[in-house]
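Asks: With the hints as extra help, turn the sequences into a complete structure.
Residues per chain, in single letters:
There are 4 protein chains.
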Amino acid sequence: MENKSNDIYGRSRVKNTDELDKYYSDLQSMDTGALWTVANDIEPWEPHTISAPMFWDYEKLRPYVLEAARLVTPGEAGRRVVYLQNKNRIKEKAAVGWLYAGVQITQPGEFTPAHRHVAAALRFIMEGSKGYTIVDGNKIDLEARDFVITPNGVWHEHGVAKDGETCIWMDGLDIPLANALEANDYGVLAEETGGQEEVVPRNYSPNRYSEAGVIPMDKKWDKPYSPMFRYPWKTTQKALQNMAKVSEPCEFDGYLMRYSNPLTGGHPMQTMGASMQMLPPKMHTKAHKHTGSFMFQVAMGKGAVIINGKRYDFKEKDMFCIPSWLYHEFVNTSETEELYLFNFNDLPTIEKLDYYQEKEHPEGHQKITS
Amino acid sequence: MENKSNDIYGRSRVKNTDELDKYYSDLQSMDTGALWTVANDIEPWEPHTISAPMFWDYEKLRPYVLEAARLVTPGEAGRRVVYLQNKNRIKEKAAVGWLYAGVQITQPGEFTPAHRHVAAALRFIMEGSKGYTIVDGNKIDLEARDFVITPNGVWHEHGVAKDGETCIWMDGLDIPLANALEANDYGVLAEETGGQEEVVPRNYSPNRYSEAGVIPMDKKWDKPYSPMFRYPWKTTQKALQNMAKVSEPCEFDGYLMRYSNPLTGGHPMQTMGASMQMLPPKMHTKAHKHTGSFMFQVAMGKGAVIINGKRYDFKEKDMFCIPSWLYHEFVNTSETEELYLFNFNDLPTIEKLDYYQEKEHPEGHQKITS
Amino acid sequence: MENKSNDIYGRSRVKNTDELDKYYSDLQSMDTGALWTVANDIEPWEPHTISAPMFWDYEKLRPYVLEAARLVTPGEAGRRVVYLQNKNRIKEKAAVGWLYAGVQITQPGEFTPAHRHVAAALRFIMEGSKGYTIVDGNKIDLEARDFVITPNGVWHEHGVAKDGETCIWMDGLDIPLANALEANDYGVLAEETGGQEEVVPRNYSPNRYSEAGVIPMDKKWDKPYSPMFRYPWKTTQKALQNMAKVSEPCEFDGYLMRYSNPLTGGHPMQTMGASMQMLPPKMHTKAHKHTGSFMFQVAMGKGAVIINGKRYDFKEKDMFCIPSWLYHEFVNTSETEELYLFNFNDLPTIEKLDYYQEKEHPEGHQKITS
Amino acid sequence: MENKSNDIYGRSRVKNTDELDKYYSDLQSMDTGALWTVANDIEPWEPHTISAPMFWDYEKLRPYVLEAARLVTPGEAGRRVVYLQNKNRIKEKAAVGWLYAGVQITQPGEFTPAHRHVAAALRFIMEGSKGYTIVDGNKIDLEARDFVITPNGVWHEHGVAKDGETCIWMDGLDIPLANALEANDYGVLAEETGGQEEVVPRNYSPNRYSEAGVIPMDKKWDKPYSPMFRYPWKTTQKALQNMAKVSEPCEFDGYLMRYSNPLTGGHPMQTMGASMQMLPPKMHTKAHKHTGSFMFQVAMGKGAVIINGKRYDFKEKDMFCIPSWLYHEFVNTSETEELYLFNFNDLPTIEKLDYYQEKEHPEGHQKITS
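Protein chains in written order, with the numbering used here: chain R, 1 to 370; chain E, 1 to 370; chain F, 1 to 370; chain U, 1 to 370.
Note that these hints are calculated values from the structure, not bench results.
Identical chains share a label here; the pair holds if one copy fits it or two copies do between them.
Each computed DSS-like pair below joins lysine-lysine, with the alpha-carbon atoms no more than 27 angstroms apart: (1) 282 to 219; (2) 238 to 130; (3) 245 to 220; (4) 245 to 162; (5) 220 to 359; (6) 234 to 315; (7) 238 to 139; (8) 286 to 220; (9) 87 to 22; (10) 15 to 91; (11) 245 to 234.
Replies: Next comes the structure, spelled out in C-alpha cells:
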C-alpha cells in the first residue's frame with residue numbers, strides 16, 4: 001500500500017488553472033482553503049512518521065552527564081538532565097514522537113525540588129546506589145534497572161543519600177504530548193529547603209505490592225494509576241526467565257512483558273507504558289512495524305537493532321528510539337548471554353484512541369541499506 | 001497561577017556563561033541538550049494553547065462553497081470542501097487544536113467516492129434536502145441540523161438524490177490528531193462507478209435506536225463506536241426543551257447535552273465528541289475555561305461569544321472555535337427565541353488521557369478588550 | 001444431554017454396603033457426609049429448575065385485587081398487594097425462580113408509606129389514571145403500560161391523586177434473591193403522615209432522559225442504577241414498530257427490546273432486568289430454552305405461550321412465568337394486531353455470574369403434551 | 001435496628017378476621033396470597049442468615065478422610081471427598097450460605113476423571129506431596145497451602161504422582177449457588193482411561209505469572225477468569241509479611257490480602273473469591289459483621305474465632321464458617337507466632353449484585369455467651 005499512486009479515483013487529482021489560483025487566494029484571505037489542494041497530504045495511504053530513528057552511545061554521553069553536575073546546581077537548574085533530541089522533533093523537544101527522554105544525574109546528598117505536572121514521568125535506573133524517589137509522600141529506594149513511575153499530576157522529587165554513590169537514570173516523560181494537547185501544567189511544592197512530607201513508611205508501596213496475584217485489602221485505591229510505584233529489576237528479570245521456561249519466544253519480540261497496574265491489569269499510568277523484553281542468546285527476530293513511539297535502553301547484554309533498513313549495534317546502557325510504523329528487528333549478538341531491552345512508549349495513548357495497527361514485513365527481514 | 005514568576009526555587013534559573021555555551025554546543029552535536037535551557041518553556045505553569053480564537057461568517061463563505069461545486073468535480077476532487085484554517089495551525093490544517101473542519105457541498109445526483117481513514121469524521125447538516133450518507137453499508141437520510149457520525153476506520157460516502165436540493169454541511173475530522181500520532185491511513189473502496197453495497201434496509205440504524213432507554217436484542221454489537229449513526233435534530237431539540245422544563249440552566253453552558261452511544265453512554269466515537277447546547281432568551285453565561293478544543297456552529301438563533309476578552313456576534317450557521325484553556329462565555333441576544341449551538345470537540349481524547357481541567361473566571365465575566 | 005445415564009465413568013456409582021452405611025452414619029454425626037452419595041444430585045447433567053410454569057388469569061384475579069382495597073387500609077397493610085405464588089416456591093414467596101410478583105391496588109387519594117429495601121423493585125402499570133411514584137425524591141406520573149423502576153436501596157412510595165382513578169399495577173421484586181443471599185433489609189422513612197420530600201420538579205427524570213442518544217451534562221450521576229426512572233409505553237411501542245420497519249423478527253422472540261440505563265447501556269438496575277417484545281400478526285416463534293427466570297405480562301394483544309410442552313392461551317393483562325431452562329415458544333393468534341409481551345427477569349444476575357446458556361429445540365417446535 | 005418493632009406505620013399490622021380468612025383461602029386456591037400476611041417476614045429489618053456458625057476439628061475428621069480412600073475407588077466415586085455439612089443447610093449440601101466445602105483425598109498414582117461444571121471450584125492444599133491438578137490442559141504441581149482455582153465451566157482433574165505422598169486438600173465450590181440459580185451442569189471428558197491432553201508445558205501458568213506487576217505480552221487472554229491458576233503459599237506468606245513491615249493491621253482483620261486476577265485486579269473467578277489473612281502474635285481483632293458467606297481454614301498457627309457470641313478455639317487445618325451478617329472477631333493466641341487464616345467466599349457474587357454491607361460492633365467486642 002505504501003507506494004500506491006494518487007492518480008486514481010477517490011484521490012485528489014485537480015489540475016491547476018488561473019481561475020483556481022484566484023479562488024485559492026480568495027479562500028486564504030478568509031482563513032479557509034480548498035480541501036483538494038491538501039487532501040492527499042493529510043490523508044496518507046499509510047501511517048507516516050516524522051521522527052527519525054536515532055541512537056545515543058552512552059559511553060560518549062556519560063562524561064557530559066557527569067559534567068552537568070559540575071556546571072549547575074539543583075537549586076539553579078531544578079534537575080541536571082541531558083535530554084535526547086530527535087533531529088526531526090527539535091521544536092517539540094522530543095526524543096521520538098511525543099515522548100521526551102533525558103539522562104539525569106544526582107550526586108550524594110543532592111535532591112531535586114518537589115514538583116508536579118500533568119505530563120507523566122518515569123525513570124529507569126542506570127547506575128549509582130542509595131538513590132531514592134519520593135512520589136506522593138512515598139519514599140522509595142531505587143536500584144539499578146528498576147523501573148519507577150511518577151504518575152500524571154503527582155508530587156515528586158528525587159535524591160541520593162549522603163553515603164550513596166552518584167546516580168544516573170533515564171527520565172521518560174510525555175511532556176511533548178501534554179503540551180501538544182494543550183493540557184500540561186507545572187507546580188512547585190515549596191521553596192528552597194522544602195519537599196514533601198513522608199506520609200507512609202519508607203518503601204510502603206513496594207512492600208504492599210510485592211508478589212503476584214495478592215492485593216492488600218485494608219485501603220481503597222481510587223487513583224487512575226498504579227499503586228505499585230517501583231517495579232524491581234530483580235523480579236522483572238526473574239519473571240522473564242520463568243516465562244522462558246514454558247513459552248516459545250515471540251518471533252518479533254522474543255520474551256516481552258509489560259509493566260502493569262496490579263489493580264487493573266492496565267498500564268501503570270494513563271498516558272505512557274513500559275516493557276522489558278528478553279532475547280535468548282543468538283536470537284534474531286523477524287521484522288514488523290506498528291504504530292506507537294518507543295524509546296529503548298539496553299538494560300543488559302549486547303546486540304543490534306535494525307530500523308528502517310539501518311543497523312545499530314549496541315551495548316549496555318545505550319539508548320535508541322523506534323518511531324511509529326517503521327520496520328524493526330532485534331538481534332542478540334551474544335552466543336551465551338541473554339539480552340534485556342527496556343522501553344517506554346505511548347501505547348496507552350495509542351490504544352485508548354484505537355490507533356494501534358501492525359504489519360509483518362513481507363519478507364521476514366529487512367534488507368540492510370545503511 | 002498564570003503570571004507566576006520563573007525566578008523561584010524549583011524553576012530553571014541558570015545564567016549563561018562561556019563555559020556553558022561551549023557545553024551546550026557539544027551537547028547539540030550529539031543530538032542532545034541541557035534540560036534547564038528549555039525546562040521553563042516546555043513545563044508552563046498552566047495549559048498553553050497555540051490556536052487562535054477564530055470566527056467564520058457563513059454569509060461571506062457560502063458563495064465560495066457554491067463556487068467549489070462549479071470549479072471541480074467529485075471525480076477530480078474527491079470531495080468539494082472549503083476547509084477552515086486556524087491562522088496559528090496552518091501546517092496542521094487544523095481549525096482548532098488537532099481538529100479539522102470544512103464546509104462541504106454536494107449537488108443533486110452527485111456522490112463522493114467511498115473511502116475510509118483511521119481519523120474519525122462527523123457531519124452537521126446545514127442546508128439542502130434529500131442528502132444521504134452511507135456508513136458501513138447503511139444508507140441514511142439526512143435533514144438540516146442532524147448530527148451524523150462516520151467512525152474511525154469505517155467505509156463511508158455521501159450524496160444527494162437526483163430530485164434533492166444542493167446540500168451543504170460542516171465536516172469535522174480529527175485528521176490532524178491522527179497524523180500527529182502518526183496513525184492515520186486512507187483507503188478507497190473502488191474506482192469510478194463503485195461504492196458500498198447496502199447491507200441493510202435504508203435508515204436501518206436510525207430506526208433501531210429511535211427512542212431512549214430501549215435497545216434491540218436481536219444482534220450483538222461489538223464495535224467501539226455507536227450503532228446510532230444519525231442523531232436527529234428533531235429529537236435533540238425536544239430533549240433540550242424537555243430538560244429545560246425541569247432543570248435550571250448551567251451557569252457556564254445553559255442547557256448542555258452530549259451526543260452519546262446508547263450502548264455505553266460514552267461518546268459516539270473513540271476520539272471526537274459533540275454536543276448541542278441551548279441558551280434560553282436573554283441568557284448571558286458566566287465565563288470559565290477548560291482544556292479541550294471546540295469547533296462551534298450556530299444551529300439556530302443569534303447571539304455572541306466572548307473568547308479571551310474578544311466578542312464575536314453571530315447568527316445562524318456562523319462558525320467559530322474555542323481553543324483549550326481560554327476563557328469564554330455565551331450570550332443569547334434574542335429576547336424571545338432560544339439559541340442553539342452545536343459543537344464538536346476532542347473531549348474523548350482529553351478525557352481518556354486524563355487531561356481535563358477547568359477553572360471559573362475569578363470575576364464571573366471577562367473584561368472585553370477588543 | 002438431558003437423559004444421559006449416570007452409570008458411566010466420571011459419575012458416582014458406589015453400591016451400598018453395611019460398612020459404608022456405618023461410615024455414612026459416623027460422618028453425619030460430625031456434620032459431614034460423603035460426596036459420592038449426593039454428587040449426581042447436586043451436579044446435574046443440565047440446569048435443573050424447581051419452579052413450575054404458571055399462568056394467572058387476570059379476569060379471575062381482578063375482583064380479588066379490588067377486594068383487597070376494601071378489606072385493609074394502606075396504614076395497616078403498607079401495600080395492598082395480591083402476590084403470585086409459584087406452587088413449587090411457596091417457602092420463598094416467589095412467582096418464579098427468586099423473583100416475587102404481585103398485583104397492587106391504590107385508590108384515589110391513597111398512598112403507601114415511604115420505604116426502602118436492598119431488593120430491587122419495578123412496576124408495570126395495568127390500569128387507572130393519575131397514579132404516581134416518588135423515587136428518591138422524584139415524583140413521576142404513571143400511565144398504562146409504563147415500566148417504572150425502584151432501584152436497590154432507594155426510598156420509594158406510590159399513590160394516586162384524589163381526582164384520579166383506581167390504579168392497578170404489577171410489582172416485581174427480587175426479595176427472594178436478596179433474602180436467599182442473606183442481604184435484604186428494610187427501612188421506613190417516617191411515621192403516619194410522612195413521606196419523602198420532593199427534591200426536584202415533578203417528572204424531572206423522564207424529562208431529562210426523553211430522547212435517544214443525548215445525555216444532560218449539568219449533573220454527574222454516580223449511582224449504580226439508571227437515572228431514567230420511567231420508561232414510557234408510548235416510546236417503547238414506537239421503538240419496536242420502528243425496529244420492525246428495518247429488521248426481520250428474531251425467530252425465538254419476534255422483536256425484542258431491553259430496557260436500558262442510557263448512561264451505560266446496561267440493565268436499569270443491578271439485579272433485575274426487563275424487556276418488551278412484539279410479535280407481528282400470526283407469528284409463531286421457534287422453541288428454545290435458556291437459563292434465567294422470567295415473569296411475563298401480556299401488555300397488548302392476545303396469543304399463546306407453550307412452555308415445556310403445555311400451551312397457555314392468553315389475553316391482555318394475563319400473567320405467566322417461564323422458569324429457567326424450559327423450552328418455550330410464543331404465538332400471536334391475531335391475524336391483524338400486534339402482540340406485546342412485557343417481562344421482568346433476573347438476567348442481570350445471571351449474566352454477572354456468567355450463568356447464561358441457551359439451546360435451540362432440536363425440532364424447532366415442542367410437541368404439545370398437555 | 002435489629003430489634004425494631006413491627007408495630008409501626010410502614011409495617012404490616014393487619015389483624016385477622018373471619019372475612020380475611022375466607023379471602024386468604026380464596027387467594028390460595030388461585031396460586032396467590034396477600035402480601036401483608038408475609039411482608040414482615042420477607043422484608044426483615046436487617047439481613048438475616050439461615051446458616052449456623054460451624055466448626056470442624058480436623059484431627060477428628062482426618063481418619064474418616066483416610067478411610068474414604070480405602071472404602072471407595074476414584075472410578076466408582078469420581079472423587080473421594082468428605083463434605084462439610086452446615087446443620088441448617090442440609091438440603092442444599094452447603095457448608096455455609098450457598099458454598100460447598102469438602103475434604104478430598106488422593107493417594108499416590110490415583111487421579112480423578114476429567115470433568116467440568118458451571119459451578120466454580122477451588123482447592124486449598126492441606127497435606128501430601130507431588131499432587132497436581134490439570135486445568136484446561138495445564139498440569140500444575142501443588143504444594144501445601146497453595147491456593148488453586150478451577151474456574152466455571154473449565155475441564156479439570158487432579159491426581160498424585162506415583163512417587164508422591166497421599167494428598168489431602170479442601171475443595172470449595174459454589175455448586176449450591178449454581179443450583180439455586182438453576183444454571184449448573186456437568187460434563188465428563190472421556191471414559192475410564194481418559195483425561196485432558198496437556199496443551200502447554202507443565203506449570204505453564206505459574207511460570208508466566210510469577211511476579212507482581214509484569215504481564216506476558218505474547219498471547220491474548222480473553223477468558224473471564226484469572227490466567228494465574230495457582231497462587232503459591234510461599235509468595236502469599238511473603239506478601240503478607242512485607243505488607244506488615246509498612247502497614248498497621250486492620251482492626252477487624254489483621255493483615256488481609258485478596259487473591260486476584262493479575263490481568264484485571266478482580267477476583268480470580270466469576271462467582272467465588274478467596275483471601276489469606278495474617279494476625280501478628282497476640283492480636284485480638286475488633287468485632288464487625290457484613291454480608292457474604294465465608295468458609296475458613298487455619299493455614300498456620302493457632303487461635304480462636306468468636307462468632308455470634310460463641311468462641312471456637314482452633315489449631316492448624318481446622319475449618320469453620322462465618323455466615324452472613326453475624327458478628328465475628330479473631331484471636332491469635334500465640335505470643336510469638338503469626339496466625340494465618342485462609343478463606344473462600346461468595347464476595348464476587350455479593351459485590352456484583354451490590355449486596356455488600358458492613359457494620360462495626362457497637363461495643364468493639366462481643367460478649368461471649370456460650
